[in-house]
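> Just so you know, the protein sequences line up as chains A and B, in that order.
Heads up: the first sequence is residues 1 to 1042, going by the numbering used here.
Heads up: the second sequence is residues 1 to 464, going by the numbering used here.
Check the hints yourself; a few may be wrong.
[To be verified] Chain A is nowhere near these chain B residues, computed Cβ spacing over 12 Å in every case: (1) A196; (2) S200; (3) T251; (4) P259; (5) R385; (6) L411.
[To be verified] Calculated pairs, DSSO-like style, for lysine-lysine (alpha carbon to alpha carbon, straight line, at most 27 Å): (7) K178/B with K126/B; (8) K28/B with K126/B; (9) K246/A with K970/A; (10) K643/A with K600/A; (11) K829/A with K457/B; (12) K284/A with K316/B.
Simulated from the structure, these hints should not be mistaken for lab results.
No experiment lies behind these values; they were computed from the predicted model shown.
From the three backbone atoms N, C-alpha and C, an ideal C-beta is built for every residue, glycine too.
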Amino acid sequence: MHHKLFTHLRLFLLLAACLYSASVGAQSRAISGRVLGFDGGALPGATVLERGTTNGVSTNADGAFSLNVQPDASLVISSVGYTAQTVAVGSQSVINVTLAAAATELNEAIVVGYGTQTKADVTGSIVTLTNKDITNAPVQTFEQAIQGKAAGVVIENSSGKLGQAIKVRVRGTSSVSGDTQPLYVIDGIPVQTDNFSSTSAPTNPIADINPNDIENVTVLKDAAAAAIYGSRGTNGVVLITTKRGKAGATRFNIGYQTGTSKATHLREFLNGKEYVELFTEALKNSGRSDASNATRFRGYAAGVTVDANYSVDTNWQDQVFHKGSFSQYDLNASGGNEKTKFFISGQYSTQEGILVGNKLQRIASRFNVDHQATDKLTLGANVSLSRTQNNRLPNDNAFSNPVQIVALAPITPLIDPRTGLTSGAFDPATGNPNTNFPFYYNPLLGIQNNAATYVTYNYRALGNVYGQYEFLPGLSLRSEIGLDLLNQDEDQYLARVTSRNSNPTNGYGFSAHTTSGRFTTNNYFSYRKTLADVHTIEATLGTAYEQRRSTGTSVTGTQFPSDAYRTIVNAATFTAGTSNSTSNALLSYFARVNYGYANKYLLGLSARIDGSSRFGSNQRYGFFPAASLGWIVTEEAFLKEQKILSFLKPRVSIGRTGNQGFPDFASLGLFSGTSGYVGVPGQRPLQLPNPDLKWESTTQSDAGIEFGLFNNRISGEVDVYLKRTTDLALNAPVPGTSGFVTQFQNVGNLENKGVEFALTTRNFVGDFTWSTTVNASRNLNKVTFLQGQPVLGSFLSRAQEGFPLGTFFGAEYAGVDPANGNALYYRNKASGDGTNTGFIDHGAGTTTVVDSAQLVPVGDPNPRWTLGLTNTITYKGFDLSATLTGVFGNKIFDGGAQFYSVAFNNGPDNQTRDQLNRWRKPGDITDVPKANYLSGNGTANSSRFVRDGSYGRLRTVTLGYNLPAGLVKKGYLQSVRVYAQALNLLTFTNYKGWDPEVNADYLASSGTLGSVTATQGNINQGIDFYSAPQPRTITFGVNVGF
Amino acid sequence: MKKIVYVLATALLLGGPLASCDSKLDIKPVDSVAADQALLTSSDVEAALVGCYTGIQNAEAYGGYIQLMSDLLGDDGEATFVGTFIPPNQINRKSILKDNGFVSVIWTNAYNAINRTNNVLANLDKLDTPAKKARVEGEARFIRAAMYFELVRLYARDWADGTPGSNPGVPLVLTPTKMIDASSQVARNSVAEVYASVISDLTTAETKMLATSAAGNIFANNSAAAAMLSRVYLQQGRFADAAAAANRVITAVTSTGAPRYSLNASYVDEFFSGADLLPNSNEDIFAIQNSAQSGSNQLNTFYSPDQRGDIFIEDKHLSLYEPADDRLNLFTIGTGGQQSYSDKYDSQYGNIKLIRLAEMYLTRAEGNFRAGTAVGATPLADLNRIRTRVNLAPLAAVTLADILKERKLELAFEGFRLGDVKRNRESVHDPAGVVLPWNSPRLIFPIPLREISVNPKLTQNAGY
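Looking at chain B on its own, in the form it has when it is part of the complex (with noise of 0.2 Å):
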């Protein structure tokens, strides 16, 4: 009998979690679902398209950082980062290390977007309409043509610098990482390559685009895709093409015939509400939006006097504008030695307006003037109707310098400063007063040190 006892209780003991036991083991998570079950539908892709959009609303990409730091390192002296943060204080100094925390990320963000955008564009066949299928596919190339175009503005040598064909600029990489293998480690594609691709792409998303985006105006239409094109094309000197592509944007008309963007009355308006919340306005052709629950506003946290208030404005910016221009008024402005604040970015969830129509009459006019056209308006026109919204007397006549310097201040802290310090040849101080030529290899980020080490391929740029 006890024997039988025996038997019984071994078998039940072992054999008993031996039948079952596969089943015990294979645990789903319920946060997160398997990548292979992720895109099966047509809304499945379209929240993937969603979750580009999101990759770009982070801190590392037009979150803020990418805007900063541009601002930062193309700095002469008018804002001096005074925060703790040791990685954007390099890059104010023009002293960036190899191991910038910032620099590492905003890379290895861009390249997350990327990807996602990769992910959405090699499953377009599963979308349900030809419509939607144009869209998805548009916004996803104009996202993907975003990041690159930052990308190889920040790690490589300018357009202008040398030749575009040889110059390494960042790799390209157009296809959805399924698996890690020796083909993950790519080289760098050449400074041309890259451009060709960020062009292909916009072109191509400007045709597909829809002309007001899906779901009101947060997400990217035509008009953007032709406005980030304007910009590529006058960061390569192709003034007609930049007027051109401005224009478009300019010209968009909506359904009834009205125009499309209109400058908002207020340039003040257009950057603070007075609240928590800054929605998009008519000027806004593409923004960044930012809820309390959603998206982390880094340039409320860095130039906000309510905030961090990280970076001090300089006399010698200030000093630029007119007495009556509007916009100074957005600047805390220091008396008996206290320091001056930006109050751009004082909306603590406000979007970030990242292309407004102002920058377009902007580039038209530039365009225009170094082109000898006057496609659309006059330069002079364009650049008195920036001048009048901010309560400045218009011009009788114009030169290239009134462009650039209303330019300048009409976009100031928006992110362009590297961008035309470089295109323009402008020349900038470090701190210990040292002049930094347009090309110096100190205006241009390193590859990061932690890329370099897991991938031998890359080679590093010059001065690191």
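Here chain A stands alone, though its shape is the one from the complex (with noise of 0.2 Å):
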């Protein structure tokens, strides 16, 4: 038998190493017992484990349980938000327990990555969230849920379009070229979450994710916390642990919910009177004829004259937004026996939009499960299966773009007259869409009757299994292996009506197919042993291999018979076809060795060699060490007699972390095939080589503390953090005459400081039960070097030395000449530093002409703080809770604004009403220049259209009723729950647009395929341009358990 172990691969070691495994033999008895919450209910689903060993149920609903153990065992009897309790058997054979309810789960154990801890010995800075913050909650992936709720972690939604990428930052933005989101890291296994979109819109891949499937959430935010994950973990890192069978019956639980959604706010345009009263002011402005005026308005009006009498007054807003509409079904089933267990689940969501046309559905399913083959050897698996339909909007930058209908003259009637049919939809002159009325493209078009559609199917196979061998008391090896497998397919579709703007092509079809799939082994050992009762060490030792190979193609046809074919095979004509394949490998080593002396003085240490494919191939492994020091003071003597301090833990860390996210051949001189012409093969140079390039290096500094007091009726931690970042790999701008824009260096620093709180109290406690969570967080980012070369993003956006990323560099508006109503902005100061910037200084007066003025710094993007606030209120079966959520102190740059907010001074745009505003005659004071048609008087981008984008959200509000068990059983049921629930409901905020979480889809590229780079889509922050405002849900749900 030995000589197996020499044959196969490692891989398959631990069946080989299951033959060693010993059989169990020794007597056991029965216990039977029940175990009640601190309130005297029974509680349900609680753990009874026999302690040191794997031997456990789950109890019923009744809060019973029965289990075989061992002479002289002790039981450990833990649920989630109980003090866990420990029972010596002795002679009892029954057993009833009262769990005490924990302020702090601190003896939890909480998921650290390859590995657990328990929440009290923790020396990092990690903030753990539940099932309760993301069950139930009517968005699409889990990230929205958790929205305010992390103290530190900052969720921004791009737009109100479903499943769209969403920002999260841990901690600040620490990369200007590479990737800025956390690592995912799904039951072990790091996950996929680049955008895959075709579109320069970028789409969130976490959306694949049934967030009722997720048990807990932990978030690594500091150095001694995340630089296990190496070269990957500077933006920090999100360990998501699915949920798990229990031992005992088989749980069966059904859950509907459903609900409408609506815009939280619409913007306010000029209706129909008010746009010709300023319009005809522009034009006259501009010294245009009243008779080419007349004509102008006509042409508006679908041929008819625009006097006293026309009534035609479209909102055209009203047209895109309508109700959209929210429903889940979830069903899941859990249980097992000592030995097995399982956990299986499926879900069906489909949500329609707040714009018409935009909709997404998932089915997810997912099993879960682990068996004890031995009671050395432990097997699972977790396996989840979805599919994502997307039926997506075109960007916020297209004209086809819902949202910029706005623009459209509210005299233009909705249906045309001369056609019947909605405005611009034929031309009797040509037989083809109409190509100048009304003056834009109608976004209608393609709304209506189906004709522009972009569907994209995302099907998501994410599975791993697991064998754990215990070789000895403490020590074991895990040998994970696990696949992300992700097949979109991307099916768009325009029909004739929709041709303004490109030839028309008798139909436009374009269709893409992507495949992603990441292989993952990790494979560790785990020692855990406590000598002479005070010293214990925990330490893990293993090794991680990774790759993933991406592949692409997608086709464009043109000249479809009709357009009742919208596939490619029907085109008569191939305009485009691609193909295109990248890969990536991860080799790393990690070593982590926490050790406690009398539960009091905790050290960790952790480190990680990274070799990556992606580094210069003179720098192929990076090295990522973390130390930590925790002190529980509450366990030294002097504090014991004492009654207030219930906990009291201080704790610093520093440690390094890296950022790899950036192209996987970035470091490769490279030239490309692309460049043929007309059908002969060509090539040219691509990109310059830099062998040196490497990992972006984060020092990550914190101190923290953690405290309970009264009892933990009042708990909560601080942090302050400082994370310096070096060594950014950096898409830096080059000289253009060099034949390149950028290259990828290492240059550049930048730093990221700030301060978490976190507390928690339960303000009353018994029946009715009222708790409060709140956290806040301040981070300061600030560019500390680019080599004196700042790095434009879009609009005014940009990263500059000693100002935080993204930025608003423009000329300072200095309002409205009051003598002739022309746009004044502040000449200020040049800094001479090489920059092209300057900084304020009015005394050198004012200019028109907008180039005149030094660019200067008009507005930070970057919340000054972000703040959550939970309250939970319970009522023998009634629970309340709700969140508010903050961000203050950030501006926004109204991309839009140069178009709907300038008099006509742009153009024909239909104008926001503060417009009405403009300088009319000498001696009008107003920051609305003189309205003069297409003069460009206040048009450019400055800070006149930077605003104050805080606001404050009643994010979830939801009402539960538990039916009362009595009745419930009369029903052979286990639980019902009733609920009501409603997100984004209230909005508070002085921004003027449509909703303050904004940063225009099209700007905010995470990959390559965007239409901004990488650099400009983490510099692009804060710009709204027509962008869809958040939804307003309201859901009604209920949940049955049998």
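Got two chains here, each in a separate frame; can you build the complex from them with the hints?
Printed below as a string of structure tokens:
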């Protein structure tokens, strides 16, 4: 038998190892009992475990259990939200236990990456959220559910479109050109979160994960916690653990919820009368004749003369926003026996967005199983399969973006009386869609009759199997293999009626297929030992290897026989086709040692070596160490006597993490063969080599204190941190005269420093409970070194030394010259440091020429403070929970304002109502310049369009009622809960746009496919460009357990 | 026994990956090739030359931006940009901001194409026959010269504006970029140095290029080099040289002795085939090739009423044509307050006619007229050739104004306005009615802000 070990691959090591397992053999006896909560009610689902073994069961609906245990056994009884209790069995055969409420889950094991630790022993900065924070939120992804609930974790939707990328920042943005999202790890396997959208608006692959499958989420924030993930730890690590079965009777849970959603807010535009009035003034001021103006308006009004009797007043915005819907069906079952436990779930979720045509549907399934093969060997698998269908909308900057409909004139009728069709649908002169009426493409043409569709199907398989073998008590080897397979089909069709601004091509079809697979294997030893009762040692040592390959193909076709044919096979002309393929590999070695002395003094050390195919040939391996110290002061004798302080743990840490989130082959000098010329093959230089390219390196120090007062009625955590990032892998601008525009170079430094507070208070306990959780974070981001060269984003956004990433630099608007209505800009003073920017000095006077004004910092899109406040009240069967979130001190650049808030100085677009305050005659004091058609007066992008983006939001409110157990039992059920909940019920803001939670999708590219580079995507923050507002969703639901 | 297992497990776990790690991490791209493997053979270098053509086929070069922006900037109220793109709007209003996106991409794309030509020119020794070597060198120099000529006209003062020997032109980069270092920060060469380089490249090109291009008529030949040279001389006011160069093109013959080029019988047919594609005609000396799969005709995108229709043609322009002028048939003329459009670029994937024989006649006519010569033909004969083709009565006598007006109408919206405004010392108006003389700084692009930001050696143009 032994020789098999030599011949088998190491992945089969575990199977071989099981041959050495000894059989169980000892006398056992049966015990039974009941577990009650502190309120005296039965506690179903509590875990009853024979201490030091994996022998255990869960309590049933009555809190009852029965178990066979060894003589002299102790039982550990635990349940989420309660303090675990250990009971010696002794001679008892019936054991009834009442668990106390836990203020902080100090004794709970939490996942920390390649292992678990109890919260009390953790010396790094982490935050844990449970399924209570996630389950049944009326959102598409779990990130949206935990918005505002974790200190130091800032989550922001780009717009109200469904399934779009979500910005998640753990302790600020730590990269300029690289990835800035955290690493996501599901059940031990890092998963792909890259954007695979073929449009310039990124999507979120996490939408493939059913949030209701999640048991808990741990976010690793500081280096001590995240350095075990090495070159991917800088942006934080989100560890997701899915639900697992518990021994006992099979429990079923059925959930259903349904509801509706509408926009949080719509912007106000001029009505027909106001439009004609203000536009006429602008036309006259530009010297145009009354006759030509009348002709113009007649054109806008579909050939009808616009006079005092003209009554068409189209509210275009109302045509594209509608009441969306949400419904979700869940079914899960869990159970098993002492040897085998399972959890299976299925979900069907469908959501219609607040914009017509936007829809997201998800069908998700999961099967998790754990099997105790012998007393030494545990095996298991976690498999999830899902399909997500996303009916997408055009990018924010497309004429066809439904929100851009606001540009159309309110005097343009919805239906063109000359054709009886939607305005723009048909031009009798050409037989094609109208090319100059309305004056822009009418987005309704695409929305109506499904004329323009873009459907993405994601098929996602996430699976891993593990085996864990315990060689000796405390020493085990765990081996995991995981696969994350993502298949994406994208199909677009644009019918004939949408052909404005492109030649009539008799239909346009696009089809893309992407496959991205990542294989991961982790193999690591864990060792736990307590020596002489006071020395506790936990150690982990292992390796990991990951490989990813992504391929994609796409084809574009035109000339379809009719709009009934919508797939490329029916196209007579294939206009484009492409394929792409990329791969990377990561080979890692990691180790961690945690040492505790007398449960008081804690020391943590960890290190990881990462070798990556992305690194240049001179820099293949990076080293990422971390160290941390903690002191549980309340374990000291001198604090044992007092009653006030129930827990106090100061801790400090320092460590290094990396970021390798740049393109796979950025270090290589490359030529591309994509330069064929009408069928003749051609090639061109693509990229210059940089063999020294390596990871971005972040050194983070953290000091924190965790405390509990009055028997943990009040508990909390305060952290301060400093993250210094050096060797930014910057896609640095290079002189264009070189023939190249950018190159990845390790130049540049930035830092994030901040403070985080989290406080939980249990204001009332007993029948009526009220608890409050509040968190607040302040992060200060600053780019400290970019070789003196600013990196420009879109509009006013840029990365510049000495300023937070994404700071808006532009001319400072000085208002309107009362004498003539001209827009004025402060000249300010040039800084003369070669950055082409200046500083504010109003002594230099004003100018009407915007280019004569220095570009000065006019706003910071990064929030000063982010806050979250959750109150939960329960009384008998009722529960009420409300979360308020707040984002303060950030600025928004209103990118569309140059078109819709400029009093017709930039075109015929309908204007926001505030433009009625324009300057009209000498002496008028206003900040809206004189209306002068197409004059450019005040239209330049400047501080004029920088707005305060602060907001407070009643993010979620949930009111639930659990039917009394007696009533439920009559229906042979275990539990019944009905609830109503609201998302984004109220928003408090001074921002006059659609919604302050915004970042134009086409400018926030998180990948290489977007219209902007990843660099610009990171720099571009807080830009509004006809971006859809967030939905306000109200749903009603019911959960039934049996 | 168990100890053996632990040792084995540890050895396999930790030692196994180490042994094969480097090969696992050595992943090569499949969509592109290593730079040091790209230019090894004769056909590699020929493919790199094709890549140079793609570089100027790009939207940001002769795919349309260069011609369109030249015409919008040189426009005097005859064509109005009404689209939502801000950069062309600024250029049309002659109020360009330093961060103008089109100004930036025209610059970076031109230098990208120049670097492609420099890579070809640095690897001529790989070509396996002297004939190939001469042809490839000539074509690469032609493309490089064309880009520098466009750059120096857009981003620097005109040849005749002040002293070309001391006026800053654009940086001359004549070797391929292998790495980015301090030497990548280059200063502007003088206008005279840039012109000298352009003339040197084109002169060499004309001698080395073939009489017919390698693959049918899609690549440039020696006539294209002579034609480009005539443009350069005309811009410098070297009229006799311009006439001579144009004459070389007009008199070029095929191997059978027939004229190499002839005017298309119909002006309209020269520009619109009634289909998506527009092939080269006998009139075309050099055209940017487009197809449904290759290139993007930005002139179609912006001018065509079938597309964005972003450029309104004003009556001021239309009224310049005589009623019988066949060229009027290439306009959609709006009536009853409707807008007018140019239909010159209605073929969606149409080739972009960069150098036509008609231009050569007009250049020879002007060159001869101003130099007082009659190389090849009299100015009157040349001008009447152009007029009779479009159904206009031949003139009995010719003035310089006749020649320049004919040139303006014949070559309208083909990218000639800005250069002609400057060399003929015309003036234009901005939308506010301010008169801008031919040498106004507002008729010169700024050096792009992104370029100044990364290269402190570049000086900005006056007025920015």
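> Take a quick look at L411/B and tell me if its Cβ sits farther than 12 Å from every Cβ on chain A, holds or violated.
holds, 24 Å
> Please check whether the beta-carbon of R385/B is more than 12 Å away from every beta-carbon in chain A.
At about 31 Å from chain A, R385/B clears the 12 Å cut-off, so the statement holds.
> Does P259/B sit more than 12 Å from chain A, CB to CB?
P259/B clear of chain A: closest Cβ-Cβ about 26 Å, beyond 12 Å.
> Once the closest CB in chain A is found, is it more than 12 Å from T251/B?
Consistent with the label, T251/B stays out of reach of chain A, its closest Cβ about 29 Å off (over 12 Å).
> Within 27 Å, alpha carbon to alpha carbon, are K643/A and K600/A?
Given that 27 Å is the threshold and the Cα spacing comes to 18 Å, the pair holds.
> Determine whether the non-interface label on S200/B survives the test: each CB of chain A must be over 12 Å from its CB.
Check passes; 19 Å lies beyond 12 Å.
> Sort out whether K126/B lies within 27 Å of K28/B, counting only the CA atoms.
holds, 25 Å
> Check whether the Cα positions of K178/B and K126/B lie no farther apart than 27 Å.
holds, 18 Å
> Quick one, are K284/A and K316/B close enough, alpha carbons at most 27 Å?
holds, 21 Å
> With 12 Å as the threshold, tell me whether A196/B passes as away from chain A on beta-carbon distances.
holds, 18 Å
> Take a quick look at whether K246/A and K970/A sit within 27 Å of each other, Cα to Cα.
Since the Cα atoms of K246/A and K970/A sit roughly 25 Å apart, the hinted pair holds (cutoff 27 Å).
> Regarding the pair K829/A and K457/B, is the alpha-carbon distance no greater than 27 Å?
holds, 22 Å
Checked against the numbered hints given earlier, the structure satisfies every one of them.
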